[in-house]
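Join these two chains into a complex; the hints should help.
In order, the protein sequence lines correspond to chains A and B.
Per full-length UniProt numbering, numbering of the first sequence is gapless, rising by one per residue and ending at 347.
Per full-length UniProt numbering, numbering of the second sequence is gapless, rising by one per residue and ending at 643.
Among these hints, one or two may not hold up.
[To be verified] Some, not all, of what chain B presents toward chain A, calculated at C-beta under 8 Å:
#, residue
1, Asp335
2, Ile397
3, Gln441
4, Ser444
5, Gln448
6, Glu480
7, Met484
8, Ser515
9, Leu516
10, Pro518
11, Lys572
12, Ala621
13, Glu629
14, Met636
15, Ala638
If you are wondering where the hints come from, they were derived from the structure by calculation, not from laboratory data.
Predicted model only: the values in this text are computed from it and were never measured.
Note that the Cβ used here is the ideal one computed from N, Cα and C, for glycine as well.
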Amino acid sequence: MSVTELASKLYDACLSNFPSDHLFYQQDLLGLGIVPKNDLPLLLQCTQSLVDQKLFRLLAGKNDRLAWKLISREDADKLQNLSPDESLVYNVIHSTGRSGIWVRAIQTRTNLHKSILDRCLKSLEGKNYIKSVHNVKFPSRKMYMLAGLAPSEDVTGGAWFTDGVLDANFINSVAGYIEYTVSRKSWYEVPSADGPGKKRLKTGAGSVAVKQESGEKQYLPFPAGYQGYPTASMITAAVNESGITPVRLGEESIVQLLQMLCFDNKLIALSNGEVYKSVKHPEAVKAAQARKPGGEDADEVDYLVKNGMTEAPCGQCPVFRLCAPGGAVSPETCDYFDPWLEKALGF
Amino acid sequence: MTSQNYAELCTLLVEDSFGELFGRIFATLQRYDRLNLPRLKFYSRLTDRQLHHGLAAMIQQNLVFHYTSYDDGVTYYEANQRAAYYLTRSGKILEFIEGRLGQYAATLMSAIMYLGHASVSHLETLPELRPEPPQTNGINGEHEHEHEEDEANGEHEDQANGIDGEHALSEQPYLLHPTLKTLAAHGYILRVREAHFQSYTDTVLDAERVVTARPDIKSMKGKKLEEAVFEKTLEIVKEKTDGDLSHGLKHNGVPRGAKRGRGAAQPNESKVQTEQADVDEDGEEDEEENEWSDDEMGNDTVPMEAGSGLVVRVNYEKLDVALRNCRFIGLAEQDSSSVTAEVYESLLRRIEYQTPRCRDTVEIPREGEEGEQYSVPIPLSAIAEDVDQQLDLSGSIGPMDISQPFSGRGKRPLEDGVNGTSHEGTNGLSSGASRTYELDQHLSLLAQPPHNLTSKRVVGGLITWTVEYRHVARTLRHLELEKMIEARYGDVALRVVRVLHAKGKLDEKRLQEISLLPFKDLRQVLATMQTGGFVDLQEVPRDAQRQPSRTIFLWFYDPDRVASSVLEDVYKAMSRCLQRLKFERSRLREFLEKTERSDVKGNEEQYLSEGELKMLEQWKAKEALLFGEVSRLDNMVAVFRDY
Numbered sequence: 001m002s003v004t005e006l007a008s009k010l011y012d013a014c015l016s017n018f019p020s021d022h023l024f025y026q027q028d029l030l031g032l033g034i035v036p037k038n039d040l041p042l043l044l045q046c047t048q049s050l051v052d053q054k055l056f057r058l059l060a061g062k063n064d065r066l067a068w069k070l071i072s073r074e075d076a077d078k079l080q081n082l083s084p085d086e087s088l089v090y091n092v093i094h095s096t097g098r099s100g101i102w103v104r105a106i107q108t109r110t111n112l113h114k115s116i117l118d119r120c121l122k123s124l125e126g127k128n129y130i131k132s133v134h135n136v137k138f139p140s141r142k143m144y145m146l147a148g149l150a151p152s153e154d155v156t157g158g159a160w161f162t163d164g165v166l167d168a169n170f171i172n173s174v175a176g177y178i179e180y181t182v183s184r185k186s187w188y189e190v191p192s193a194d195g196p197g198k199k200r201l202k203t204g205a206g207s208v209a210v211k212q213e214s215g216e217k218q219y220l221p222f223p224a225g226y227q228g229y230p231t232a233s234m235i236t237a238a239v240n241e242s243g244i245t246p247v248r249l250g251e252e253s254i255v256q257l258l259q260m261l262c263f264d265n266k267l268i269a270l271s272n273g274e275v276y277k278s279v280k281h282p283e284a285v286k287a288a289q290a291r292k293p294g295g296e297d298a299d300e301v302d303y304l305v306k307n308g309m310t311e312a313p314c315g316q317c318p319v320f321r322l323c324a325p326g327g328a329v330s331p332e333t334c335d336y337f338d339p340w341l342e343k344a345l346g347f
Numbered sequence: 001m002t003s004q005n006y007a008e009l010c011t012l013l014v015e016d017s018f019g020e021l022f023g024r025i026f027a028t029l030q031r032y033d034r035l036n037l038p039r040l041k042f043y044s045r046l047t048d049r050q051l052h053h054g055l056a057a058m059i060q061q062n063l064v065f066h067y068t069s070y071d072d073g074v075t076y077y078e079a080n081q082r083a084a085y086y087l088t089r090s091g092k093i094l095e096f097i098e099g100r101l102g103q104y105a106a107t108l109m110s111a112i113m114y115l116g117h118a119s120v121s122h123l124e125t126l127p128e129l130r131p132e133p134p135q136t137n138g139i140n141g142e143h144e145h146e147h148e149e150d151e152a153n154g155e156h157e158d159q160a161n162g163i164d165g166e167h168a169l170s171e172q173p174y175l176l177h178p179t180l181k182t183l184a185a186h187g188y189i190l191r192v193r194e195a196h197f198q199s200y201t202d203t204v205l206d207a208e209r210v211v212t213a214r215p216d217i218k219s220m221k222g223k224k225l226e227e228a229v230f231e232k233t234l235e236i237v238k239e240k241t242d243g244d245l246s247h248g249l250k251h252n253g254v255p256r257g258a259k260r261g262r263g264a265a266q267p268n269e270s271k272v273q274t275e276q277a278d279v280d281e282d283g284e285e286d287e288e289e290n291e292w293s294d295d296e297m298g299n300d301t302v303p304m305e306a307g308s309g310l311v312v313r314v315n316y317e318k319l320d321v322a323l324r325n326c327r328f329i330g331l332a333e334q335d336s337s338s339v340t341a342e343v344y345e346s347l348l349r350r351i352e353y354q355t356p357r358c359r360d361t362v363e364i365p366r367e368g369e370e371g372e373q374y375s376v377p378i379p380l381s382a383i384a385e386d387v388d389q390q391l392d393l394s395g396s397i398g399p400m401d402i403s404q405p406f407s408g409r410g411k412r413p414l415e416d417g418v419n420g421t422s423h424e425g426t427n428g429l430s431s432g433a434s435r436t437y438e439l440d441q442h443l444s445l446l447a448q449p450p451h452n453l454t455s456k457r458v459v460g461g462l463i464t465w466t467v468e469y470r471h472v473a474r475t476l477r478h479l480e481l482e483k484m485i486e487a488r489y490g491d492v493a494l495r496v497v498r499v500l501h502a503k504g505k506l507d508e509k510r511l512q513e514i515s516l517l518p519f520k521d522l523r524q525v526l527a528t529m530q531t532g533g534f535v536d537l538q539e540v541p542r543d544a545q546r547q548p549s550r551t552i553f554l555w556f557y558d559p560d561r562v563a564s565s566v567l568e569d570v571y572k573a574m575s576r577c578l579q580r581l582k583f584e585r586s587r588l589r590e591f592l593e594k595t596e597r598s599d600v601k602g603n604e605e606q607y608l609s610e611g612e613l614k615m616l617e618q619w620k621a622k623e624a625l626l627f628g629e630v631s632r633l634d635n636m637v638a639v640f641r642d643y
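The following block holds chain B by itself, in its conformation from the complex (with noise of 0.2 Å):
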């Protein structure tokens, strides 16, 4: 199933965050897919004793899945892919929440991750989420854990953590509960469950047997008994993976905490907004009766359970739809103006709070054989509700007819908007209609083509407005390919492959035709793209010899086989990057182990000459540089295997 590329990458990761025992097991596992105890041991060559340590922390970050079979009793190892590639995705992650939710949550979000799950009482005790006076902002200062990894980042003081933790123990709780609750509203978290330390497969094996052992299920037969177990079993592992908290977090569709408009930025917002929440023991099922008054309590400082028993990781998959509605946003703004994505922005937040994950298929599906899939339509009036009211909508858009004085157009004339706050007051509240009206003026420009980026819906005499995401999500993949193509073989093939892609297989003589291009352009570039395995060519025989001559030549860009054989280079690209990263630093190795020395380290000022200073800032460059390109190409892992 998975491809060299990918496995090395994976292990690079790991590696590079947890160091060589970690990547060792895991490369272990990764080759021999499921290993018991002992088989891993032998392929490994580790001591017991690392091995039980490695497994246990690594059980920990959910790095490495585990099974106990019911028949043999045997417990099985196996590696977790997707958790180990999200260790890349994990910054912009970070860097994501800070910019909606403020920079508490990041660090609350940074201290889950690094802890790879964690219970919220253990939380409460960590000196980083205590509230800090202002001046010891640190942002990793996860550094209490006594793991070997992760010395790079560490700018953490010790003795001033140490005072600060006294100091603020009487006000513990103050804001890592509502964070708890505002991240758990918007779902970025997520209750851990039993069934996420075993893999998918065996989740769904496990269930499959309690499905058949029923006795109403034994009575069926054929195909009937296949319907049930199926459908029973997805039943089962859907209420055995469930670990959503944001269930009676949530106000009207928007969850607690969530901030509205542009203007609301600031951090401690989120905390005045966030409303009083009893969320129940089990937190589950009975939250209907669970009433909770809508007023908005100054500082909440209700625990996020009761008990605090809860046990807390991050949801990658929920991150994944607010990561992509990002990638959305910047498609907009490519081609309108601020305004239209900020409206744009509302109403993706909007559908955010109830898109659980990307897609439901587990493999993206084949080009054309996906259907249309709309979002859940969100009501004109709630965009209008969230959009920023000091958000000039009309001066954006012109006017419908060309002919007519512009400033005329009755509602709201350019140079109101340009005066700006001298007739906020009429257009505040009066123009609420014709807000709305302009509101839907910028979800239509978005909705025409190329991208439509948005589509209308009338429900029951309601206007809602709704994302084809499949359609959208296609189009990034697209996008991103053509840039490739671009960028490689020149705006010549780039309008070769947008023909073939929009009429299908073309012989030469109409692609010259719709391309009009010379023959000798053509040639040249459809080779050299067949090289690179971005085109391909089919030979249709016209009779039974095969002879060239009777034989049509089609030609064709097939985005699905381009856009896997690309991934698996992007994948080998990031590899290439981590590995070249481990070289640099072994090139640099004394000195950065001098830098890295404790009395050092934080004073380099004082030990290190002019030249070791310029060299570590060089170093840190060259590093973050390396880091943001694999990010960047992750980003394009994200287009085209998440989204």
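Only chain A is shown next, with the shape it has when bound in the complex (with noise of 0.2 Å):
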């Protein structure tokens, strides 16, 4: 038999004894039962000649032992047809996976010159081996991966990326969503006076009861300890039901949402985070997102409250640090006072 059979043979026993991915040691391989009588240097014959015919890739395992891997037999044809810069590029940007590799570094990696390098990148992208992606962490670095694979958490920065940027209308439009369901679920809504209380406050009339038909929709607060507030995950399961995202979104993304609409005041965690309750009840979120694309108007109502400081003109004033009697700064001459008293005042 000669090596390149056998090789085959070792090849076809490892690719159905084997997942793809399996590290191949020496022993693998002889336990295999293929070479004769362990034949350590026919062995070798036949890895190198699959590793030759790109069938193989050696590698260097635990202890700087040998180690192989296999490679599927269309990828194999692919890389048969490569130079052999190619190939050791290709190789390169092969072992990072789905984190990619910086241009520099493949440069580093492989000795190669920079125009070369240049020719072979150009190659394997024309064949569409090889793709170029945008990694958030380092915008202006131009890295590669395999055209086959989709770019790690770490590269893209996560659901709230598109295309290496922060998706800021994504992310409000989410935000908005989940902040009025919370809502919905934290507040307890007092059944409206048409409901099945109606006759009950008819018979019973009182000023307290005609008052509150007459006004909005009333929401009481839960008791301390209620269990009914949502968890993450069923945020997330309402979040990926509601079709507002194109993408599913997993937990964890939502969960980095969840935190920031804490940090915005909009929701509240409870029970170590378990458990989100908002802030304003379902009415009063709905307004503040109905006031939102209005724009200017917002802002005043929208503050937490003012305090003397906000409204001060010296809370405002540029110059304020310049400010002292006397000087060329000075409240006998400020500028800011009269239309502030102005205003206020209303004449």
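Spelled out as structure tokens, the structure:
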């Protein structure tokens, strides 16, 4: 039996007996019983032939032992057509998997000249073997990875990035949806007077009842220790069902967003972040969201609550630091007080 | 120690309330710190006569500390900035007293404030404190004093008062003593001690001198000596400055004359509830054997102290506690129902009675370095007693389980609450236990994040509630800062700051991941905030060369640092408002002088033209606005410095 035949037999045996990403050591290959009498030189010849055919990839395993990995026949065909330089580059890119590799790093690892490397990359890209990816962390670096792979979260930055840029609109729409969903579950809506309670109200009619009816929906807080607040997984499910996202969002992404909402003072995490509760009740959330696109008029109302410093002209004054009685900027010559007084007093 | 802005503000306040002479003396003392009379005279360039009069009056107002040293017998004078600053808070305090204890108490308080400190016998002679017929309800009726200041708010008719005074002579101490007792029981006023007229440091030094001279201390050495001296000194200082008058005036931890619930807001309630008290001549140690009857006397006319030799002054520390509680209630109102806030108020009021001051340390402790400090625990049953029995507790909290129909919750369906009084008989008495449970529910609601306004403790099987004061005070502080940040830099900045505050120091990338903001916005916001001094950057070089490329940059937000710089800004802003007011006044000087002429004053309609009347009205609005702004700024000072 020639070495080539033996090699192809070995390859087939490997393919059928092991998963495709198995790391083969010498013992594994000998253990298949293809190579007679555990003849090591012969095994070496076989593996070398396979490596030449690009069916095996040579790797350094633990303790600097030789190890091999299988390459599928289709990929091997691809690789066979590559020039040695190209295949070198391909292997380097392949080795980094889903995280991609920076062009400069390829250069240092392959020791190729820049022009050669560029040519290789161009041809590989032209053959659609590799693709260039955008890394969020290093937006200026040109990075490559195999065409068939999806970039990892580290590279893309997670669900909230589109083409390496934080997708603010997307985030806002999901955040708005979440806030509303959570707020509906964290406030008790008093059954409206039109409901079953109406009859009783009529009989015992008092001024309070009338007042309640005429007003908007009434919301009450739940008592402490209430179990019905939504958890992160419930919220994730709700978001994915709602159809506002083109892709399914993972729970980690949603948790990330929930935390952001907490920092925005919109949600409150209860019992160590397991469940979430909204600060405003649904009507208020709706109103606030409706106001947003309107723009300018929104900000006055949306402020936490004003305090002395934000109202007084001094709080906004750009030259406050320079202000001193008798100075170039002084309370006597201040340009801000008069308009402020006029505005506040209305004359 | 004191900053330029603070000193400037204090001088302005003194000047604004007491005129230029006081301002001059005060400013000089602030600039040169401690001075003896010749030096003071030299620096202030005032005549002996002016100086003597001014100093005497300022000591009366407690604006100046004086201290005569044992060694050389020279008297030194020192400015009391605290007292000067509290001038701006007086309006707030009077408003609070009026709301809590009625108008008469406020009038009394303002009289005491106006006099700085006052003996009870002197208060008895004041015309405005005598019972008046309802038509002359002059609030600021302290005008028989011939200080040259404060003409601005005098709407007092002299003739009317004289008549009133004579008429009222017979029933003179009618309201005065019960009200004084009520104020004393609440701790709002205290006995003036000699030590109050010298600065705290002097008192401490004096005490130390006394302690070290004691033979038993002299025999000690080293660390033991230090400890003993420290301990004994504190004891002496406490004894010397302690002017607590509430001792013996409290009944089960509730001051006499304290109103319970909301329904009892009438001013005359206080005198009805005030029980007879026989405070001892010295009124301090031997109160225990003094038994006083529990039955409520109709009109308590027993004088505050038999000899009326008692001298009282305002206890600002205690009032700060009360005002701080008001802020907490405001915080509670923001995100819970009014019912919950009212329950909270009851709890806080109970705590207030037993809290002498806002905190024990002089300086605000640094963030993260102050321990948890819980207030006195208040048993749930006591709160239940205090809360207005008419208050509908159940209508403002949702059911525990949403699937249950709300009205089927057993104890008290919503409709009953809505229907009001029809069911009152049944739930007023029989459902006492469920009412307590509901109270507990309200308090639990307050205990929840984000503010954790209350916390529950079970002491010996008894449910009690406390307030973690330091925590809530911190929350208030952060809220004030956040308000400023939001107003100046927008909500994006607010998010960034809150992230930094929660997570500590972060590099830009991590910050972006958490705050989910595009790099561009983030950098912009961080940069502007850094210029404003709200966030800052720390460099951590990775090697000794300190190259920027090999350096980690961490953003951080230090609330302590920000708060102290904002506090300075607030002082400055307050000064600017007052200075502007002065300027506005000088612009209208001639007109204002006309309105203050003795014949015009009170008869404005008659002497002023329509245009002038309008101008006067505008001026008054302007003045009110600027003073209002100062008082709003004072709210911030209180949060950053006092709470």
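Structure-based check of all given hints:
1. Asp335: holds, 7 Å
2. Ile397: holds, 5 Å
3. Gln441: holds, 5 Å
4. Ser444: holds, 3 Å
5. Gln448: holds, 6 Å
6. Glu480: Holds, because the Cβ-Cβ distance from Glu480(B) to chain A comes to roughly 6 Å (cut-off 8 Å).
7. Met484: Constraint on Met484(B) satisfied, holds at 5 Å.
8. Ser515: With a minimum Cβ separation of about 6 Å from chain A (threshold 8 Å), the hint on Ser515(B) holds.
9. Leu516: holds, 5 Å
10. Pro518: holds, 4 Å
11. Lys572: Result: holds, 7 Å to nearest chain A Cβ.
12. Ala621: holds, 5 Å
13. Glu629: holds, 5 Å
14. Met636: holds, 5 Å
15. Ala638: Interface hint status for Ala638(B): violated (10 Å vs cutoff 8 Å).
Violation of the numbered hints given earlier is confined to hint 15; every other hint is satisfied by the structure.
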